[in-house]
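Visitor: The lines below spell out each chain.
Protein chains: 4
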Amino acid sequence: MRAAVLRGPKDVVLEERPRPRPGPGEVLVRVLSVGVCGSDTHYYDHGRIGRFVVEAPLILGHEASGDVAELGPGVTGLAVGQRVSIEPGVPDLTCQHCLAGRYNLCPDMRFLATPPVDGAFAEYVAVHAAFAHPVPGSIGDDAAALLEPLSVGVWACRKGRVTAGSRVLVTGAGPIGLVCVQTAIAFGATEVVVSDVNPSRLALAQELGATAVVDVRESSVTTLDRPPEVLLECSGHPPAIGEAIRVLGRAGRAVLVGMGGDEIPLPLSVLQEREIELTGTFRYANTWPTAIGLVASGRVDLDRLVTGTYRLEEAEQALTAGRRDDRAVKVVVRPTT
Amino acid sequence: MRAAVLRGPKDVVLEERPRPRPGPGEVLVRVLSVGVCGSDTHYYDHGRIGRFVVEAPLILGHEASGDVAELGPGVTGLAVGQRVSIEPGVPDLTCQHCLAGRYNLCPDMRFLATPPVDGAFAEYVAVHAAFAHPVPGSIGDDAAALLEPLSVGVWACRKGRVTAGSRVLVTGAGPIGLVCVQTAIAFGATEVVVSDVNPSRLALAQELGATAVVDVRESSVTTLDRPPEVLLECSGHPPAIGEAIRVLGRAGRAVLVGMGGDEIPLPLSVLQEREIELTGTFRYANTWPTAIGLVASGRVDLDRLVTGTYRLEEAEQALTAGRRDDRAVKVVVRPTT
Amino acid sequence: MRAAVLRGPKDVVLEERPRPRPGPGEVLVRVLSVGVCGSDTHYYDHGRIGRFVVEAPLILGHEASGDVAELGPGVTGLAVGQRVSIEPGVPDLTCQHCLAGRYNLCPDMRFLATPPVDGAFAEYVAVHAAFAHPVPGSIGDDAAALLEPLSVGVWACRKGRVTAGSRVLVTGAGPIGLVCVQTAIAFGATEVVVSDVNPSRLALAQELGATAVVDVRESSVTTLDRPPEVLLECSGHPPAIGEAIRVLGRAGRAVLVGMGGDEIPLPLSVLQEREIELTGTFRYANTWPTAIGLVASGRVDLDRLVTGTYRLEEAEQALTAGRRDDRAVKVVVRPTT
Amino acid sequence: MRAAVLRGPKDVVLEERPRPRPGPGEVLVRVLSVGVCGSDTHYYDHGRIGRFVVEAPLILGHEASGDVAELGPGVTGLAVGQRVSIEPGVPDLTCQHCLAGRYNLCPDMRFLATPPVDGAFAEYVAVHAAFAHPVPGSIGDDAAALLEPLSVGVWACRKGRVTAGSRVLVTGAGPIGLVCVQTAIAFGATEVVVSDVNPSRLALAQELGATAVVDVRESSVTTLDRPPEVLLECSGHPPAIGEAIRVLGRAGRAVLVGMGGDEIPLPLSVLQEREIELTGTFRYANTWPTAIGLVASGRVDLDRLVTGTYRLEEAEQALTAGRRDDRAVKVVVRPTT
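Chains as they are written, first to last, in numbering that gives the first Met the number 0: chain W, 0 to 336; chain F, 0 to 336; chain S, 0 to 336; chain C, 0 to 336.
Treat the hints as calculated values from the structure; they're not laboratory data. Be a bit skeptical, because a hint or two may be false.
Restraint ranges, calculated between C-beta atoms of paired labels, are given here [claimed, not checked]:
(1) S:222 <-> C:41: 35 to 41 Å
(2) W:37 <-> F:216: 35 to 41 Å
(3) S:107 <-> W:80: 24 to 30 Å
(4) F:12 <-> C:51: 33 to 39 Å
(5) C:217 <-> W:17: 54 to 60 Å
(6) F:302 <-> W:80: 46 to 52 Å
Partial list, computed: chain S residues near chain C (C-beta under 8 Å) [unchecked claim]:
(7) 153
(8) 156
(9) 162
(10) 163
(11) 164
(12) 182
(13) 185
(14) 187
(15) 211
(16) 226
(17) 289
(18) 293
(19) 296
(20) 298
A virtual CB, placed ideally from N, CA and C, is assigned to each residue, including glycine.
Work out the full structure: start from the sequences and follow the hints.
Guide: Put into structure tokens, the structure is as follows:
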């Protein structure tokens with residue numbers, strides 16, 4: 000099969016690779032669409048993310064959909080030809096965290112496109128059958144791939160206990176911020192304020208349902224009328240994080256979604272006096288059924304986020320689309336169509 | 000002032016009563032709209048509800064909106080002329096339940112139109128300022144009154160932990176069931192099945208967003224494809240309650256909203272094997288801000304439920320509208336307009 | 000190996016069986032102690048429990064400890080000779096319930112001594128390595144076996160949200176009731192009232208920390224000074240269940256632990272007016288680490304519950320000990336010592 | 000009556016003051032015991048704590064017990080002569096936070112010994128009847144006063160979701176740290192590690208049930224065998240806070256109890272990768288019933304913390320006891336005995 004392989008920083012080539020064979024409990028998926036994530040571009044640019052280092056050629060891509068091409072031994076719940084969205088992280092299923100339902104914290108997680116596990120910028124990928132989620136016809140191939148970033152938003156809203164009537168601040172209107180706007184509304188939020196520096200993204204946020212936007216080049220979230228109850232921090236920008244926490248109301252919840260370096264200053268006295276809860280987030284768990292329901296019911300529109308589609312041989316262009324066009328939001332690669 | 004007074008079963012007359020004077024911390028509200036609730040018609044028909052007996056003439060009506068006509072001593076947060084929705088139950092604020100945030104369980108609750116406390120089928124009513132909730136102009140007078148039944152739906156969804164992607168069964172499509180359909184969707188439910196025996200109400204349920212309806216004269220909730228996760232029981236019909244619990248999936252939640260007599264048979268083995276949680280509900284607490292947000296944002300449409308409006312002198316007709324027309328859903332009395 | 004086999008109601012014989020071989024991910028455990036549970040005696044007496052029917056010869060016993068005799072392929076976290084407590088139910092690990100952390104609700108659960116899965120009244124049993132929990136030397140063999148019923152109590156307390164200062168009513172002072180007394184105290188309960196008809200069991204309840212006991216032949220739980228906040232229902236006696244729910248305070252939680260037939264009458268109006276939460280329980284999930292901590296720290300004393308020990312060839316006597324002596328609480332079989 | 004009045008930094012004098020008269024809903028309490036808190040000594044030393052400035056003479060002391068000397072108008076639940084523990088903060092009862100049960104976050108809280116509200120270093124103090132909690136005879140006067148710091152520990156354990164089997168790290172073994180050790184155990188924790196620099200306090204921690212202690216002058220919490228699940232941070236020492244968060248396990252909870260300046264560095268990547276929840280705490284809500292239960296049942300020993308008792312005229316000595324003796328833990332003033 001063909002695969003786009005990262006050989007080193009800024010070095011992606013199309014290679015022939017043997018088609019994977021699905022092991023027991025696995026299915027082979029013919030890949031239809033793969034979203035490009037910030038982590039993919041980070042690996043592409045730097046060859047590493049923190050302690051994860053690309054030491055051998057690596058296939059990127061972990062936001063993927065496809066159809067089932069072959070069943071491994073023992074698989075019963077899926078059929079060849081069935082269209083699926085791939086949940087890219089497969090945990091060991093038996094550690095204390097897995098058994099407690101927080102499998103995202105499994106120390107033995109194997110995650111697509113995270114060294115040394117190859118990803119989905121390829122014609123085929125083998126995945127655990129329980130992590131290949133069937134999708135209905137109402138969800139297109141790209142949207143099926145983008146259930147992965149949608150899961151990040153679903154997880155953020157769960158962690159922040161967003162519910163009917165919540166007032167939410169989303170800092171950062173990149174793909175994850177824009178997904179969070181939509182999930183916050185789908186969870187019932189009635190006020191969703193979004194801040195960013197990019198006017199085209201803020202416009203898109205409004206189109207997707209944000210009730211107010213703040214261009215932080217001109218204004219500040221500190222000028223809000225009413226303090227938000229929940230912060231979904233998607234900027235990863237340390238000064239923005241501190242400022243956003245400071246505008247939260249009493250009993251507020253701050254959910255850290257974006258990455259922002261090893262250490263940031265924390266407004267301790269604000270946390271104490273307002274009894275704010277702050278939580279880190281690490282991927283997601285048990286989000287696909289919810290994400291499928293939200294897209295199938297029309298509550299969330301993922302196709303609206305797609306600003307470019309590429310063939311597999313254009314993988315490098317896909318990986319660099321964001322830097323060429325600040326109106327780019329989410330681009331996808333379609334390896335087999 | 001004029002008031003519609005219940006003197007005994009099926010005996011309502013218009014009387015002149017002294018205008019109430021707002022005590023310390025209270026406001027006097029000129030009543031603009033009052034919904035007729037099943038409890039009002041029950042008092043009208045029978046002169047009692049369980050242990051609550053109408054022993055002296057009683058003004059009915061507890062779903063009310065109005066504008067502030069006068070401030071009692073010490074009130075600072077409201078202004079004369081401000082339009083408000085009335086939360087009809089005022090607890091003692093200091094018992095263990097109040098201090099813990101579940102003031103609906105306060106043993107010293109004073110609740111409008113519950114003997115011996117007069118209600119709002121009158122030109123004026125005095126209420127605790129903290130329980131007179133200002134409403135924005137986007138919410139009409141009737142909808143402002145109907146924030147009370149909406150609160151029942153909000154409370155039911157909270158108790159049932161309805162959230163994004165939930166699959167919900169609502170049994171009974173009366174006013175409360177129809178409100179629950181809308182709140183379930185507002186809380187993010189992506190499947191809402193409604194059962195009833197009244198085709199016009201089922202049609203309205205669908206119009207309000209139900210994804211499927213079951214006419215239980217012809218079919219049964221036991222034929223659902225997938226078991227619901229949450230039951231919002233609004234029928235109060237004991238056989239329906241048991242049947243509905245039996246269709247819930249594992250880890251399901253059954254929220255009892257309708258009343259249905261002192262004792263009902265409970266499918267114990269189903270509760271055990273599926274580890275179902277069942278909860279009673281008693282009114283609501285801390286629901287007005289959410290209810291206001293849902294209506295103001297257009298998530299919930301209360302006006303669509305209003306099938307009749309009456310003047311104060313027509314209170315008796317309002318109380319009997321439901322028995323005359325099975326297409327009636329919610330009727331309101333407008334005492335001063 | 001030798002095994003005590005149930006061939007039909009009241010027909011247990013010692014047989015030679017082939018020693019099981021541990022499959023991939025399994026360990027072979029030499030059984031040191033097995034508790035006799037009410038379900039064992041029920042199978043012995045009736046050959047069935049509800050829909051579970053003993054259609055082929057079955058080895059009973061699911062409360063077991065032992066030491067690791069052999070590692071199956073791929074097992075790394077355990078060593079031969081290590082002493083373990085066996086968690087008797089192994090779920091499929093990948094269904095929606097397993098992934099969400101409630102693996103006790105897995106529809107494909109395989110549970111020891113539940114037809115057609117053989118149990119631990121035998122010299123050896125093969126179990127999934129992740130469900131063979133190492134125990135420290137401070138926990139004896141019998142106590143290690145009885146971590147299983149202790150898990151029932153831990154689960155009940157979690158479901159009832161028992162915490163520091165809770166006031167708890169335990170109905171029924173059989174082995175599970177006595178475990179619940181101890182777990183309630185370990186979870187911080189400061190009042191634990193126990194009801195039963197058996198004075199020796201009530202005396203043991205007091206010895207184990209109950210703050211009050213009610214002999215329901217002479218008195219009633221309705222005479223309590225203060226309503227309990229949590230009911231741990233361990234009697235399975237329908238009239239007792241209804242009565243106990245009626246004494247719960249507002250916002251109380253009723254946890255059904257005992258079985259009591261398919262249907263019971265439920266005091267609906269009490270559930271509604273007091274907004275009581277009632278929950279079924281089905282086995283347990285993620286309880287072994289807690290149970291081990293409670294016994295190792297001396298918070299819970301399981302040895303005190305053991306009123307008889309038997310050799311494997313005395314399995315039938317063990318299964319009938321309860322009917323011969325109403326002072327019997329928990330008896331254990333020691334197959335290899 | 001006599002009162003110890005703070006006129007400025009390090010300037011406390013005994014004055015005659017008019018005996019307060021209990022207003023409606025209040026009781027007059029004759030003060031029997033008052034604990035000296037770190038905030039009292041901070042006001043004594045600096046005349047301010049953050050934005051709270053002592054601008055007029057102030058009576059310190061907010062950890063107080065006494066007996067009811069007089070009932071204000073309308074008080075029915077208490078009797079003259081009844082012994083009570085005083086909850087020192089009285090909220091407005093009607094704001095959104097109060098109604099939701101988190102009255103500790105009420106913006107209109109009036110709190111004893113917080114400018115401009117006088118405290119309890121006096122013979123009498125008037126308090127809201129609902130915040131004067133009757134205590135049983137099994138709780139002594141000093142312990143009744145120290146239910147206030149105990150409440151801080153109860154609140155911390157609730158926020159950290161400490162439960163049966165929890166493994167807890169308490170950083171700082173001052174009075175609050177020592178209370179947290181006891182509450183963690185009372186909530187069911189089976190491992191409680193305590194760190195401090197003061198060997199006498201660490202010895203006392205062990206006596207009170209800590210399962211391990213770390214003298215951070217010689218060792219470090221980073222050497223623990225197993226990562227704790229819950230951090231109760233009572234040191235207020237920024238480097239200790241960061242280090243302690245870094246030793247928490249995945250899904251850990253960090254509860255900030257100590258104050259530590261306006262801003263501290265937060266290990267963001269650790270929070271993210273382990274999905275740690277961090278929460279501020281501000282006083283407590285609904286803790287007295289629990290605290291009373293824990294002391295009355297012998298679960299918590301507050302008398303063991305008292306290292307000195309003073310008369311009212313010795314208030315200044317009481318306020319400076321800590322700096323004179325590093326073995327001092329908690330000193331109390333007894334204004335009327």
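Visitor: If a hint holds in the structure, say so; if it does not, say that too.
Guide: These are the hints, each one checked on the structure:
1. S:222 <-> C:41: 35 to 41 Å: violated, 51 Å
2. W:37 <-> F:216: 35 to 41 Å: Once the Cβ atoms are compared, 56 Å apart, the range 35 to 41 Å for residue 216 of chain F and residue 37 of chain W is violated.
3. S:107 <-> W:80: 24 to 30 Å: Holds: the Cβ-Cβ distance is about 25 Å, inside 24 to 30 Å.
4. F:12 <-> C:51: 33 to 39 Å: violated, 59 Å
5. C:217 <-> W:17: 54 to 60 Å: holds, 57 Å
6. F:302 <-> W:80: 46 to 52 Å: holds, 48 Å
7. 153: holds, 7 Å
8. 156: holds, 7 Å
9. 162: holds, 7 Å
10. 163: holds, 5 Å
11. 164: Hint on residue 164 of chain S: holds, closest Cβ of chain C at ~3 Å, below 8 Å.
12. 182: Constraint on residue 182 of chain S satisfied, holds at 7 Å.
13. 185: Because about 5 Å separates residue 185 of chain S from the closest Cβ in chain C, which is inside the 8 Å limit, the hint holds.
14. 187: Nearest chain C Cβ about 5 Å off; hint holds.
15. 211: violated, 13 Å
16. 226: violated, 13 Å
17. 289: holds, 3 Å
18. 293: Given a least distance of 6 Å, the restraint on residue 293 of chain S holds.
19. 296: Holds, about 4 Å.
20. 298: holds, 7 Å
Checked against the numbered hints given earlier, this structure breaks hints 1, 2, 4, 15, 16; the rest are met.
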